[in-house]
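Asker: The primary structure of each chain is shown beneath.
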Amino acid sequence: MTSLGILAAEMTNTEVWVTNSFFLAIAAVSILAALKMVTTDNVVHAALYLLIVLAAVAAVYVILGAEFAAATQILVYIGAIMVLLLFGVMLTRAQIGSETDLDHDQKWIGALISVVLAAVMGYSLWEAFSDAKLPDNRVPQGTEAVADSIFGIYIVPFEAISVLLLAALIGAVVVARRD
Amino acid sequence: MAQYLPVLALLILAALFAAISFVASKLLAPRRPTEEKLAPYECGIIPGREPPQRFPVRFYLVAMLFVVFDIELVFLYPWAMIHRELALYGLVAILIFSALVFESFVYLISKGALDWGTLQVSRRQHNELVGSQRTSSSTIRRVGGEGRFEEVVRTREPVVTEEAAA
Amino acid sequence: MGGHPFLADGVDFGDVLLSLVMVVAAFVICLVATMLMVWFERKVVSRLQNRIGPNVAGPFGLLQTLADGIKLFFKEDIIPTRSDRFVFQLAPYLSLVPAFLTFTLVPIAGDFSGGNGSSTVFGREFYWQVADVPVGILFFLAMSSLGIYGIMLAGWSSGSKYPLLASVRASAQAISYEAALGLSLASVLLVAGTLSTHDIVLGQAGSLQTLNVVATGFVPFVVFLIAGTAELNRPPFDLVEAEQELVGGFHTEYSSIRFALFFLAEFMNTVTMGAIIVTLFFGGPAPLFDFPFIDFPHAWWMGFILFFAKLLVFLFIFVWFRASLPRLRYDQLMDLGWKLLIPLSLGWLLILGGIRVARDGNIGIVDDSIGDTIIVLVLGGMVLAVGASLIMLANRNARSERLRNEGLVAVANPDLGTSRAADHATTGPPGASHDTAQVGADH
Chain A
1 MTSLGILAAE
11 MTNTEVWVTN
21 SFFLAIAAVS
31 ILAALKMVTT
41 DNVVHAALYL
51 LIVLAAVAAV
61 YVILGAEFAA
71 ATQILVYIGA
81 IMVLLLFGVM
91 LTRAQIGSET
101 DLDHDQKWIG
111 ALISVVLAAV
121 MGYSLWEAFS
131 DAKLPDNRVP
141 QGTEAVADSI
151 FGIYIVPFEA
161 ISVLLLAALI
171 GAVVVARRD
Chain B
1 MAQYLPVLAL
11 LILAALFAAI
21 SFVASKLLAP
31 RRPTEEKLAP
41 YECGIIPGRE
51 PPQRFPVRFY
61 LVAMLFVVFD
71 IELVFLYPWA
81 MIHRELALYG
91 LVAILIFSAL
101 VFESFVYLIS
111 KGALDWGTLQ
121 VSRRQHNELV
131 GSQRTSSSTI
141 RRVGGEGRFE
151 EVVRTREPVV
161 TEEAAA
Chain C
1 MGGHPFLADG
11 VDFGDVLLSL
21 VMVVAAFVIC
31 LVATMLMVWF
41 ERKVVSRLQN
51 RIGPNVAGPF
61 GLLQTLADGI
71 KLFFKEDIIP
81 TRSDRFVFQL
91 APYLSLVPAF
101 LTFTLVPIAG
111 DFSGGNGSST
121 VFGREFYWQV
131 ADVPVGILFF
141 LAMSSLGIYG
151 IMLAGWSSGS
161 KYPLLASVRA
171 SAQAISYEAA
181 LGLSLASVLL
191 VAGTLSTHDI
201 VLGQAGSLQT
211 LNVVATGFVP
221 FVVFLIAGTA
231 ELNRPPFDLV
241 EAEQELVGGF
251 HTEYSSIRFA
261 LFFLAEFMNT
271 VTMGAIIVTL
281 FFGGPAPLFD
291 FPFIDFPHAW
301 WMGFILFFAK
311 LLVFLFIFVW
321 FRASLPRLRY
331 DQLMDLGWKL
341 LIPLSLGWLL
351 ILGGIRVARD
361 GNIGIVDDSI
371 GDTIIVLVLG
381 GMVLAVGASL
391 IMLANRNARS
401 ERLRNEGLVA
411 VANPDLGTSR
421 AADHATTGPP
431 GASHDTAQVG
441 ADH
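Residue numbers (this note's numbering), protein chains in the order written: chain A, 1 to 179; chain B, 1 to 166; chain C, 1 to 443.
Among the hints, a few may not be true.
[As the list claims (entries may be wrong)] Calculated pairs, DSSO-like style, for lysine-lysine (alpha carbon to alpha carbon, straight line, at most 30 Å):
#	chain 1	residue 1	chain 2	residue 2
1	C	Lys75	B	Lys26
2	C	Lys161	C	Lys43
3	C	Lys43	C	Lys75
4	C	Lys161	B	Lys26
5	B	Lys37	C	Lys71
6	C	Lys339	B	Lys26
7	C	Lys71	C	Lys43
8	C	Lys161	C	Lys71
9	A	Lys36	C	Lys161
10	B	Lys37	C	Lys75
11	B	Lys37	C	Lys43
In case anyone wonders, no lab produced these hints; they're calculated from the structure. Owing to the predicted nature of the structure, the values given are computational and were not obtained by experimental measurement.
If we strip away everything but chain A, and leave its shape as in the complex, we get (with noise of 0.2 Å):
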């Protein structure tokens, strides 16, 4: 049988099946506002179908069980980093209209390139993954689990992102100095 059979047969029973059609809707609308956000001829546009694709991804966290990731995902990723490059994109150069200069002739090599990279990963993770299921009486990942994680096994690189914050900060001050 192969794996699309089972995906098939599980499609039966009701609550997989919810699930599997609400990821198929997100999966739908993410990959449409990447396609979208390569293609748009306008900057803050492009940071817009970002979004969708960042909150689609906060999604498939919820529906995965993993709330603390999809409410870090809209709180840093949506809250923060893209009111960041939108920032970056308003205080510069974000005209309204369409912008020639977006465009890149090698555009369609990038594309293929994508197209390989895909595959590739897609392939990977099928082979992987590909029978693997999420389990039928999943319980929801609580914060406390979360927790523990990271001041138990995870406590280095915890410390380790302060440290990474602080380069961040100084190359920010770098970049935006005045000479």
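Fit chains B and C to the known structure of chain A by using the hints.
Answerer: For chains B and C alone, kept in the frame of chain A given last:
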């Protein structure tokens, strides 16, 4: 996950409400556009200059600092939830983390990234900067800002020639 | 922990029906509350300014907002030629939807004096809130950060000067105060130990000491109130629509119903922010303390009355702010947020954590926990002092660097107030000649 379904429902309801309002307004409101109405609003003055294209880089630095504090928040919340179980170990861990973030915050302040507005100098220094004979050009120059000066010269051109003639 | 009792495991038709009823009810409550809030604000402000305020439409002018809303439906909708049509039309949605969604978190009724705040209808247990999501507080923060987009994109897409300036100001202001908001929230989380708003309210029920405003030591509440007002762009933090400088702010180009939706979102956010403050710091529908003589009826509507009374106090405070406080200057605004509120709430959070760990007897510098607590308090005070002096030092350094860049030398005493006084002492006209003025101006 099912707890989020009411949230989704309310989201759809709110969006529908906005959409229906737009449709209703489209049906009910008059539509008599004129060129003046559709022009950018500038209190009746015909818009001469383009909207500013460049802003102070401080806005960017503030956004960057916000990213840093947001990431710190994301780690502070889990600690706050289980700080009793973690006891001293967790406290020390979060203190080290916060100290490092705070250090970068202080660095940013000392680089003047969070200083806004015109420089606040004492009255005496201020007077040296401006002088008692304030003219329109000196006032405009004192505020500073690239691109402004040419503007002044261009609009004041007849006056300048008059002065030169005199 | 957390989670709606009847949606967490399995969903059947009755659950869906009940949720739908609650969603529609929340939607209606949001709209009506917003309408009343606009009326309340106009009425209170006019009373504070010796005016009467709206008094024609309906009893006491209650229907004034409705009349204004209906009027706006009939007004011409203008989309400026130089605007980005797509984003221009999208922005009101981005402003309105998060305003609605935040309300889902607020428990508006329920019996918390003895009960667990749930009610039963047709054999189904439910809470008096639309969704008790397990990540409650984070959801609130996420929604308030989404609200920035409405303002930011509305300003950018207008293709006009003033909205653009306002939106850049507004988004910088919003992100600055959101950090303070989040840090003061962390203190609540520290005391409550849960992210779910229902459990936070439950934890505060009982006595005055368990109220979060007392348990977190008042400072987080003050920070939250200030940061919340700034996040709402309400006076004295309304630089976003500073009429004297920016015409109408980010919605200058918006007219008709599009403007009405921004207006609606703004006031809805005000109501919701008041409700969130009540929920997080004042126990929401739970009684403030056990009243010694009176035995209140243990019913859900008692909770609603308590919640409404508390909410009204905060809404009045918001209006009071608007009527009494002058608008801040932009640098004052940023300084207040970054150099005072954020370090203060961060330090307070860490000290609070330290005290709580010490009180459990888990630090062990000396043998008993009271001694530990005192040591932690002293150490915490020292850390706060060091942090404050570091920030002051950094500030001074930044200032002298700026002075040097302007071609001036820092005066011995850079404090503005004293040098002003010194200026007054040295009388005579400001002694700079025209030449020096030119030299200075060349920089």
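Asker: So, for every hint listed, does it hold in this structure?
Answerer: Against the structure, the hints come out as follows:
Simply put, C/Lys75 and B/Lys26 have alpha-carbon atoms about 10 Å apart, close enough for the 30 Å limit, and the pair holds. For the proposed pair C/Lys161 and C/Lys43, the alpha carbon gap of about 33 Å is over 30 Å, so the pair is violated. Restraint check for C/Lys43 and C/Lys75: the C-alpha separation of about 25 Å stays at or below 30 Å, so the hint holds. Our distance criterion of 30 Å between C-alpha atoms is met by C/Lys161 and B/Lys26, whose separation comes to about 27 Å.
Proposed proximity of B/Lys37 and C/Lys71 is supported: the alpha carbons are some 19 Å apart, at most 30 Å. Restraint check for C/Lys339 and B/Lys26: not satisfied, since their Cα atoms lie roughly 47 Å apart, outside the 30 Å limit. This hinted pair checks out: C/Lys71 and C/Lys43 have alpha carbons roughly 20 Å apart, not beyond 30 Å. The hinted pair formed by C/Lys161 and C/Lys71 meets the criterion: a straight-line CA distance of about 28 Å does not exceed 30 Å.
Under the criterion of a C-alpha separation no larger than 30 Å, the hint pairing A/Lys36 with C/Lys161 is consistent with the structure, at around 29 Å. Between B/Lys37 and C/Lys75 the CA atoms are separated by roughly 13 Å; this keeps the pair inside 30 Å, and the hint holds. Taking the CA atoms of B/Lys37 and C/Lys43, the gap is near 33 Å; set against the 30 Å cutoff, the hint is violated.
In this structure, the hints that do not hold are numbers 2, 6 and 11, in rising order.
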